[in-house]
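Protein chains in written order, with the numbering used here: chain E, 16 to 283; chain P, 246 to 444; chain C, 246 to 444.
Hints in this document: simulated from the structure, not taken from any laboratory.
There's no promise every hint is true.
Pairs of lysine to aspartate or glutamate residues, derived as EDC-like cross-links and limited to a Cα-Cα distance of at most 16 angstroms, are as follows [stated by the list, open to error]:
1. E:K281 x P:E330
2. P:K318 x E:E173
3. E:K178 x P:E330
4. C:K318 x C:E304
5. C:K326 x E:E148
With the Cβ distance kept under 8 angstroms, some of the chain E side facing chain C (calculated, not the full set) [what the hints assert, rightly or not]:
6. R101
7. R151
8. A154
9. R156
10. G164
11. L172
12. F253
The beta carbon of each residue, even a glycine, is placed where N, CA and C say it ideally should be.
Okay, here's what each chain looks like letter by letter:
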Amino acid sequence: MGEPRPPSEPATDRPLARVRGQPLAEIPEDLYIPPDALEVFLEAFEGPLDLLLYLIKRQNLDILDIPIAEITRQYMAYVELMKALRLELAAEYLVMAAMLAEIKSRMLLPRPVESEDEEDPRAELVRRLQEYERFRQAAERLDELPRVGRELIPVHLETPQAKVVRLPPRVSLTELLSALQEVMARAELHQHHRIQRDPLSVRARMSEVLERLEAGRFTEFTELFDPAEGRAGVVVTFLALLELLKAALVELIQAEPFAPIHVKKKVA
Amino acid sequence: MNNEQIALIVEAALMASERPLSLEALARLFADEEPRPERGRLLEALEIIRQAYDGRAVELVEVASGYRFQVRKSWVPWIAKLWEERPARYSRALLETLALIAYRQPITRGEIEAIRGVSVSSSIIRTLLERDWIRVVGHKEVPGRPALYATTRAFLDHFGLKSLDELPPLPEVKDLEHLGERLAGLEEARPVEVSDGQG
Amino acid sequence: MNNEQIALIVEAALMASERPLSLEALARLFADEEPRPERGRLLEALEIIRQAYDGRAVELVEVASGYRFQVRKSWVPWIAKLWEERPARYSRALLETLALIAYRQPITRGEIEAIRGVSVSSSIIRTLLERDWIRVVGHKEVPGRPALYATTRAFLDHFGLKSLDELPPLPEVKDLEHLGERLAGLEEARPVEVSDGQG
């Protein structure tokens with residue numbers, strides 16, 4: 016920016032870089048690093064707040080007493096340098112430059128005596144710098160903590176005989192039912208696969224009856240009923256048998272009227 | 246540096262290393278020492294360590310490429326559970342198949358496919374059979390004599406049910422939200438950790 | 246099963262495990278025992294182990310997700326030669342992001358960016374997520390519903406900490422309350438004070 020540099024500032028003989036065609040002859044006064052290391056140096060900043068903190072520390076300034084004009088001038092010098100070195104200049108640096116310029120202009124403006132509650136224009140910047148500084152330091156301390164692979168070496172011994180055992184997944188009833196619900200919703204889209212509301216116990220009994228019937232052998236009808244189950248149980252078994260008959264899974268055989276009825280699994 | 250110190254450094258190295266360490270590798274730990282402990286002292290250090298771990302759960306052994314600590318064989322069966330892995334979960338297709346077998350048993354694969362509208366892979370049926378959640382209860386007398394599947398006692402055990410009657414009736418399933426509370430009760434009643442291999 | 250036996254099994258498990266083992270994980274080792282050793286006996290076993298390793302090169306420590314053996318810090322420099330590569334260094338950007346998440350959790354990426362004054366690259370967030378040091382714990386109810394990040398137990402384990410309380414306290418740069426007075430003082434020192442005639 017067009018601000019005249021203080022006479023005390025040292026100047027070097029050869030241009031350091033070219034900024035908008037003009038040679039940049041001076042290294043910002045607190046930049047005590049060889050020019051060829053500049054790029055690395057500038058890239059080391061973690062952003063505009065980091066750069067500002069650096070500038071403030073280099074001059075041993077209390078954050079609370081930042082001389083805005085001086086800091087702005089130096090900050091802009093760095094931003095110009097970054098441009099000259101074609102460093103990718105993040106928008107954040109320019110936003111910060113604008114903020115500094117704004118603060119500077121507000122400090123120059125006369126202010127009404129009355130408005131004492133109006134904040135010092137630097138206050139917001141100071142707050143942000145302090146907040147950032149806390150976490151910058153916290154990050155440094157975090158880096159100094161012992162950590163695995165550096166100071167902490169956990170023991171993990173080999174166990175040659177150990178074999179990985181794969182266990183089957185667990186399934187909850189809710190999962191099962193939500194799967195069923197989905198199938199039902201899908202099945203209802205095509206009418207002919209509507210799932211009827213068969214009483215479950217009948218279907219379960221169908222499985223049991225089938226299991227009891229040995230292939231090819233006759234089983235006496237009455238053997239399939241367990242009187243201990245009571246009336247309801249007998250009815251369920253009977254319904255199951257009817258269903259099995261309907262599905263042509265079993266056949267009933269009666270040699271003559273009133274002779275014992277036999278049940279047989281159908282064989283092809 | 247005395248033998249005890251050498252032994253502790255060797256011990257630390259063997260505990261930290263992912264692979265066995267040879268005598269040469271151990272000697273390199275002391276490369277900056279003056280005088281460097283020679284081979285004999287390293288062997289003495291290893292002997293000190295071996296004795297120190299007498300009666301502990303781990304031991305120092307020598308294998309082809311050097312020395313290492315390992316868990317004593319006698320304790321390995323006790324910690325076998327450390328290597329148990331549970332695959333994340335079953336596929337939707339498997340759960341749907343299982344649900345249809347539970348609610349429509351006995352049922353053939355073709356019938357499941359007709360309802361689901363997609364084919365049921367053999368691996369799903371195999372998984373369910375191996376898990377002992379379903380079994381073949383007969384064959385349907387239609388061409389091809391397809392197997393009829395039904396659920397097992399192990400299936401009931403896994404879901405904490407005494408009988409199939411305890412499965413919620415279909416109309417309720419359609420209204421899963423209202424079913425939530427009832428199910429919560431059922432699932433809480435399940436034993437915390439049932440071993441999976443019910444007979 | 247007596248306490249000594251329990252201690253040896255626990256010792257074997259901790260030595261063999263890749264990650265710290267919680268009391269619950271240790272209890273599972275004894276799932277088939279009758280009676281199962283309860284929490285108190287496991288703690289006693291851990292104490293027996295701690296004492297048995299007194300003076301050895303490794304020690305039993307407790308971290309956020311459980312117990313583990315690790316090489317005593319005093320011996321680590323001696324065995325640094327085992328690793329040819331130097332331990333990874335973390336960039337300042339990563340450490341600052343991690344510090345913000347650790348001290349200000351749950352926090353959004355936007356909030357991190359506001360404090361750091363620069364954008365946080367996606368690769369940093371991805372790295373932290375992949376290392377399992379941070380995770381998404383929810384979404385902030387503001388436009389865009391940005392993810393809220395928090396640190397994990399694995400993060401604490403990595404730094405050998407039991408809980409977030411053990412993190413070094415967040416540095417207090419300057420007393421912020423003090424700021425007002427100081428700024429008021431500056432006010433007086435400012436040049437030209439022109440009344441604009443409102444008084």
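field: Those earlier numbered hints the structure runs against, lowest number first
entry: 1, 5, 6 and 12
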